[in-house]
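Undergrad: One-letter residues, chain by chain:
Protein chains: 4
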Amino acid sequence: MDFKVYEHKTQYYETDQMGIIHHSNYIRWFEEARSDMLEQLGIGYAYMEKLGIVSPVLSVSAEYKSMTRYGDTVRIIASVEQFDGVRLHLTYRIEDKETGELRATGESRHCFLYQGHPISLKRRFPRVQELLESCL
Amino acid sequence: MDFKVYEHKTQYYETDQMGIIHHSNYIRWFEEARSDMLEQLGIGYAYMEKLGIVSPVLSVSAEYKSMTRYGDTVRIIASVEQFDGVRLHLTYRIEDKETGELRATGESRHCFLYQGHPISLKRRFPRVQELLESCL
Amino acid sequence: MDFKVYEHKTQYYETDQMGIIHHSNYIRWFEEARSDMLEQLGIGYAYMEKLGIVSPVLSVSAEYKSMTRYGDTVRIIASVEQFDGVRLHLTYRIEDKETGELRATGESRHCFLYQGHPISLKRRFPRVQELLESCL
Amino acid sequence: MDFKVYEHKTQYYETDQMGIIHHSNYIRWFEEARSDMLEQLGIGYAYMEKLGIVSPVLSVSAEYKSMTRYGDTVRIIASVEQFDGVRLHLTYRIEDKETGELRATGESRHCFLYQGHPISLKRRFPRVQELLESCL
Numbered sequence: 001m002d003f004k005v006y007e008h009k010t011q012y013y014e015t016d017q018m019g020i021i022h023h024s025n026y027i028r029w030f031e032e033a034r035s036d037m038l039e040q041l042g043i044g045y046a047y048m049e050k051l052g053i054v055s056p057v058l059s060v061s062a063e064y065k066s067m068t069r070y071g072d073t074v075r076i077i078a079s080v081e082q083f084d085g086v087r088l089h090l091t092y093r094i095e096d097k098e099t100g101e102l103r104a105t106g107e108s109r110h111c112f113l114y115q116g117h118p119i120s121l122k123r124r125f126p127r128v129q130e131l132l133e134s135c136l
Numbered sequence: 001m002d003f004k005v006y007e008h009k010t011q012y013y014e015t016d017q018m019g020i021i022h023h024s025n026y027i028r029w030f031e032e033a034r035s036d037m038l039e040q041l042g043i044g045y046a047y048m049e050k051l052g053i054v055s056p057v058l059s060v061s062a063e064y065k066s067m068t069r070y071g072d073t074v075r076i077i078a079s080v081e082q083f084d085g086v087r088l089h090l091t092y093r094i095e096d097k098e099t100g101e102l103r104a105t106g107e108s109r110h111c112f113l114y115q116g117h118p119i120s121l122k123r124r125f126p127r128v129q130e131l132l133e134s135c136l
Numbered sequence: 001m002d003f004k005v006y007e008h009k010t011q012y013y014e015t016d017q018m019g020i021i022h023h024s025n026y027i028r029w030f031e032e033a034r035s036d037m038l039e040q041l042g043i044g045y046a047y048m049e050k051l052g053i054v055s056p057v058l059s060v061s062a063e064y065k066s067m068t069r070y071g072d073t074v075r076i077i078a079s080v081e082q083f084d085g086v087r088l089h090l091t092y093r094i095e096d097k098e099t100g101e102l103r104a105t106g107e108s109r110h111c112f113l114y115q116g117h118p119i120s121l122k123r124r125f126p127r128v129q130e131l132l133e134s135c136l
Numbered sequence: 001m002d003f004k005v006y007e008h009k010t011q012y013y014e015t016d017q018m019g020i021i022h023h024s025n026y027i028r029w030f031e032e033a034r035s036d037m038l039e040q041l042g043i044g045y046a047y048m049e050k051l052g053i054v055s056p057v058l059s060v061s062a063e064y065k066s067m068t069r070y071g072d073t074v075r076i077i078a079s080v081e082q083f084d085g086v087r088l089h090l091t092y093r094i095e096d097k098e099t100g101e102l103r104a105t106g107e108s109r110h111c112f113l114y115q116g117h118p119i120s121l122k123r124r125f126p127r128v129q130e131l132l133e134s135c136l
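Chains as they are written, first to last, in the working numbering: chain F, 1 to 136; chain X, 1 to 136; chain C, 1 to 136; chain D, 1 to 136.
If you are wondering where the hints come from, they were derived from the structure by calculation, not from laboratory data.
Careful, some of the hints might be misleading.
Pairs involving identical chains hold if they fit within one copy or between any two copies, as the list cannot separate such chains.
Below, simulated PhoX-like cross-link-like pairs (lysine-lysine); rule was C-alpha separation at most 25 Å, straight line [what the hints assert, rightly or not]:
id : residue 1 : residue 2
1  : Lys97     : Lys9
2  : Lys97     : Lys50
3  : Lys65     : Lys9
4  : Lys4      : Lys97
5  : Lys50     : Lys9
Kindly generate the complete structure, drawing on both the sequences and the hints.
TA: Here is the structure:
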């Protein structure tokens with residue numbers, strides 16, 4: 001599937017007194033891009049939560065390559081790196097929209113809970129499984 | 001009742017590129033102080049949510065008097081201004097801990113929902129009512 | 001001048017455990033819309049800071065009319081209510097993009113600092129003054 | 001040196017609609033604990049910025065082990081893992097204050113900039129160097 005790349009315009013409240021975007025926001029942008037990708041797939045968080053599925057974050061990491069400043073727009077490219085029906089592994093790439101310069105890379109890992117318990121999407125929600133697999 | 005005044009140490013991630021604490025954080029500090037006051041009263045948010053009561057914010061305002069900088073500790077004094085069993089009106093005063101200088105004043109208004117509907121605490125939860133009235 | 005209305009898509013990290021968007025985010029959305037309006041006028045924050053002007057928030061308030069939920073897109077309409085060259089008074093209106101339902105109203109007041117001191121834009125930066133006046 | 005362990009009380013605005021603390025806050029708590037550790041060493045961010053040193057984050061990661069809920073207090077233990085005068089590598093451990101249960105682990109890497117350029121603390125700021133080395 002061909003995704004529309006997610007864009008985020010940086011906000012003043014995201015800056016810190018170093019005069020750059022505070023690093024913690026990148027973790028939130030990963031979530032924005034992930035959430036947008038799942039929505040484009042037809043299995044957004046809102047939809048998943050209606051099915052009773054929540055998808056906690058198991059781990060997250062970011063490597064900062066260059067600084068992002070207030071007013072910049074960044075493109076956040078999320079990709080499904082691995083998915084085995086139980087765990088989802090995504091990678092991210094943040095680039096300046098205008099120059100294409102790399103701002104950061106990162107990844108996150110997720111599981112799926114149904115009624116509070118870890119589940120295999122393969123068995124319980126084959127449609128969700130298929131859609132996620134189609135991104136590999 | 002005599003409350004212990006709530007203190008907040010400002011954090012780097014709360015700063016913005018003006019080199020001061022971003023104004024939106026004061027609204028969060030009001031919540032911190034409100035939440036702490038309710039806990040000291042024995043009716044913290046966690047307790048209220050166990051009773052099935054949620055307390056949405058109806059309005060909030062802040063007047064910024066002087067700048068707060070990274071590393072400062074502020075005292076946030078929350079007071080019950082009015083409470084009629086249905087609506088709660090709080091006021092806030094933020095002072096620098098060291099100098100006592102006024103940083104901001106503010107207020108917030110709240111109602112109480114039980115199973116999604118506005119309720120009068122007086123009728124349904126007289127104990128909560130009493131405790132809140134004791135602050136007037 | 002005819003402004004393009006600013007839109008914000010709500011994010012998961014903006015929700016709280018009441019299952020709605022946390023009220024402090026509306027204050028940030030006001031900033032997003034204000035910042036966008038100034039940019040459309042050609043006097044965005046980045047431009048102002050290049051001139052050496054910063055524009056601290058003197059006060060802010062919000063009235064919450066109905067709940068915003070994760071996944072909703074809101075329209076945030078910022079308007080210049082008053083401007084006398086020294087102080088800027090804006091009002092805001094947040095509506096659900098799809099239904100038009102009113103989510104919140106609010107306002108903010110700002111002054112202008114140059115080299116740390118309050119200034120009258122009228123004298124020092126007549127072009128900025130004109131542009132802001134054109135919004136009245 | 002024997003550090004006082006940093007504690008953070010979770011706040012309502014840190015929760016998300018999964019009913020837990022949003023994962024992005026842990027990254028901010030790492031910063032809180034790091035900042036507190038440096039202050040206990042006598043080389044807090046405020047002091048460093050007075051010297052003209054800023055210390056950007058090169059990378060950050062977190063592994064989430066169990067959920068943190070509103071009202072919990074966590075202990076965040078920051079340790080200097082490696083420091084060679086140019087790069088600082090810290091690790092973190094977040095535990096529930098009451099039960100000691102592990103909530104998350106993590107790490108961050110930092111360099112030091114002076115007038116916008118990477119520097120070796122060893123040469124330019126031997127006192128800062130010594131203090132950081134004393135943590136190894």
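Undergrad: Confirm or reject each hint.
TA: So, going through the hints one by one against the coordinates:
| no. | hint | result |
| --- | --- | --- |
| 1 | Lys97 / Lys9 | both (9 Å within a copy, 19 Å between copies) |
| 2 | Lys97 / Lys50 | between (34 Å within a copy, 22 Å between copies) |
| 3 | Lys65 / Lys9 | within (18 Å within a copy, 27 Å between copies) |
| 4 | Lys4 / Lys97 | both (14 Å within a copy, 21 Å between copies) |
| 5 | Lys50 / Lys9 | between (29 Å within a copy, 19 Å between copies) |
Of the hints listed earlier, there is not a single one the structure fails to meet.
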